[in-house]
Amino acid sequence: MRGVSIIGVGKTKFGVFPDRSLKSLITEAGKKALLDARIDASMIQAFYLGNFAATGFNRQNHVAAYAATAIGLPNIPCTRFEAACASSGAALREAMIAVGSGLYDFILVGGVEKMNSVDTPRVTEYLAQAADWETEAKVGATFPSMFALMATRHMYEYGTTREQISQVAVKNHANGAKNPDAQMQKEITLEKASTSPVLIAEPLNLYDCSLITDGAAAVVVCASELAAQYAKTPVDVIGHGQASDSFCMYQKKDITRFDATIAAGRRAYEMAKISPNDVDVVEVHDCFTIAEIIAIEDLGFCKKGEGGPFTIEGMTAIGGKIPVNTSGGLKSKGHPVGATGVAQVAELVLQLRGQAGPRQVKDAEVALSHNLGGSGASCVVHLLRRRT
Amino acid sequence: MQISIRRCPSCSQKYLDDVDLCPACLQVTPTERIEVGGTGKIYSFSRVHVAPEQFKNIVPYYLAIIDLDEGPRMMARLQTQEGDHVRIDAPVELVSSEDGYLFALK
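Those sequence lines, one after another, are chains G and A.
Read in our numbering, the first sequence has 150 at position 150, and its numbers run on one by one without any break.
Read in our numbering, the second sequence has 73 at position 73, and its numbers run on one by one without any break.
Bound conformation, chain G alone:
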């Protein structure tokens, strides 16, 4: 396999956009990525799109070709990837493999979801389709409640506290307040987050849950040997890993960890020949606050069971030992399901280029993204390094 780099990123603002279409969102992100890479649409040889549920949210199928036409891409292969919330992370990894193989030099990878076109019960229903109908959804399980089960068990086994879990939301809101593209740009206090009377699925309250978001993101993946011709600061892909786990949450032996994250992370670290200590900035899949605590443990940034104390001690804040979710994460930046994996990488590319403005991590050189699907049945991890 030859080296693969990222030479362009584009994203829309994340939020609730009743006046914008699915097509409009992905077109903006795709065109911005091409402009950022300073290449013409005619040079793109394949287009991979992550999208979870346009069929439900937007009554639209066949969305890769649909989006490619809107972006103005030529007669190239266009393929959609679906892995629940890890859809565009999976699309991106396949692009890296295809460029790495030598088949293509340039691939545009996008991710898009327009969720606010149906009411909240419908959103919940479509999201629940990423769980098992027969043995989970039919019984009364929802995504917040499945992550709540993990939180209950994590608190029981490791003594993780309400405040430690809420600190994830406080920290991610503080970061999101520095991100002009975030859906919520507002800081919250630990007291407000930990004592909210708006309960969703105990112990999780409103401030533990990510947002329902419209948005899109895109990146241009390019052969490393060509990257310097287009990008002032190419970002090299030094590792990636993907893994699956038991589809249903109750089938897991231990719900205080995600085996898919552990396996995907290990593969990525091995490919890059680095350890968690070498990473400078991280985006993890905080669909719920507890998910970030479990992710930083699974990825080796702290010991198992110590994610709570590690977070409340400020280790994951900007300026801390290992800044996590500088973008604001899914909690504050927003979570347009199919766009999330690519949006995480877009944030990290800005960090590695030194273009992250007030949320910049000083001298960031190596970055990790972690994109989770369902209740952990899919996971994709990417490792990136700024070329020096």
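Keep in mind that a hint or two might mislead.
[To be verified] Stretch-level coverage of chain A by chain G, calculated; a stretch enters the list once three of its residues show a Cβ under 8 Å from a Cβ in chain G: (1) 41-50; (2) 61-67; (3) 73-86; (4) 96-104.
[Claimed, not checked] Computed cross-link-like contacts, EDC-like style, restricted to lysine to aspartate or glutamate with a CA-CA straight-line distance of at most 16 Å: (5) A:K41 / A:D67; (6) G:K138 / A:D69; (7) A:K56 / G:D119; (8) A:K14 / A:E35; (9) G:K362 / G:D278; (10) A:K41 / A:D69; (11) G:K253 / A:D67; (12) G:K192 / G:E163; (13) G:K253 / G:E157; (14) G:K138 / A:D17; (15) G:K13 / G:D181; (16) G:K138 / A:E53; (17) A:K56 / G:D236; (18) G:K138 / A:D18; (19) A:K41 / A:E70; (20) G:K273 / G:D236; (21) G:K304 / G:D119; (22) G:K138 / A:E35; (23) G:K321 / G:D363; (24) G:K321 / G:E306.
Think of the hints as simulated: they come from the structure by calculation, not from any bench.
All residues carry an ideal CB built from backbone N, CA and C; glycine is no exception.
Based on the hints, put chain A in the right spot on chain G.
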């Protein structure tokens, strides 16, 4: 109350009722239906306040992962009454298998 589950006749692995072919066996082995006792222990739980349409009229309700004494781990709702103390390791028993499994504290 008994609960209907599946067992692989070849490797004896137990599954919930939706698994008709054993994933653990190399051969395409149909599982067989067996009845086991509907008793178990709570592995984890949550009290659900925001639910989809079909459960809206029963919120808040308890959702739990239960380790069956004689069978696999499963997800179920808990029927509770005033004074019930829902906790990890609490013993529970099956109350109904219709419209998703329902358990109560023993």
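Between the alpha carbons of K362 (chain G) and D278 (chain G), is the straight-line distance 16 Å or under?
Holds, because 14 Å separates the two Cα atoms, which is no more than 16 Å.
Tell me if the straight-line CA distance from K138 (chain G) to E53 (chain A) falls inside 16 Å.
Answer holds: K138 (chain G) to E53 (chain A) is near 11 Å, not above 16 Å.
Is the hinted pair K253 (chain G) and E157 (chain G) satisfied, with a Cα-Cα distance of at most 16 Å?
Holds, because 14 Å separates the two Cα atoms, which is no more than 16 Å.
Sort out whether D119 (chain G) lies within 16 Å of K56 (chain A), counting only the CA atoms.
holds (15 Å)
Checking one constraint from the list: CA of K56 (chain A) to CA of D236 (chain G), max 16 Å. Satisfied?
violated (49 Å)
Restraint status (C-alpha distance of K304 (chain G) to D119 (chain G) at most 16 Å):
Distance of about 38 Å is beyond 16 Å: violated.
Checking C-beta pairs, does the stretch 96-104 of chain A have three or more residues closer than 8 Å to chain G?
Three-residue rule met by the stretch 96-104 of chain A, so holds; n is 3.
Run the distance test for K41 (chain A) versus E70 (chain A): straight-line Cα separation, threshold 16 Å.
Answer holds: K41 (chain A) to E70 (chain A) is near 11 Å, not above 16 Å.
Just to be careful, I want the Cα atoms of K41 (chain A) and D69 (chain A) compared with a cutoff of 16 Å; is the pair within it?
holds (7 Å)
Within 16 Å, alpha carbon to alpha carbon, are K138 (chain G) and D69 (chain A)?
The given pair, whose Cα atoms are some 23 Å apart, is violated under the 16 Å limit.
Please work out if K253 (chain G) and D67 (chain A) have their alpha carbons no farther apart than 16 Å.
Holds: K253 (chain G) and D67 (chain A) sit about 11 Å apart, inside 16 Å.
Pair hint outcome, K273 (chain G) versus D236 (chain G) [Cα-Cα no greater than 16 Å]:
Holds - the C-alpha atoms of D236 (chain G) and K273 (chain G) are around 14 Å apart, at most 16 Å.
Comparing the model with each numbered hint stated earlier shows that hints 6, 17, 21 and 22 do not hold.
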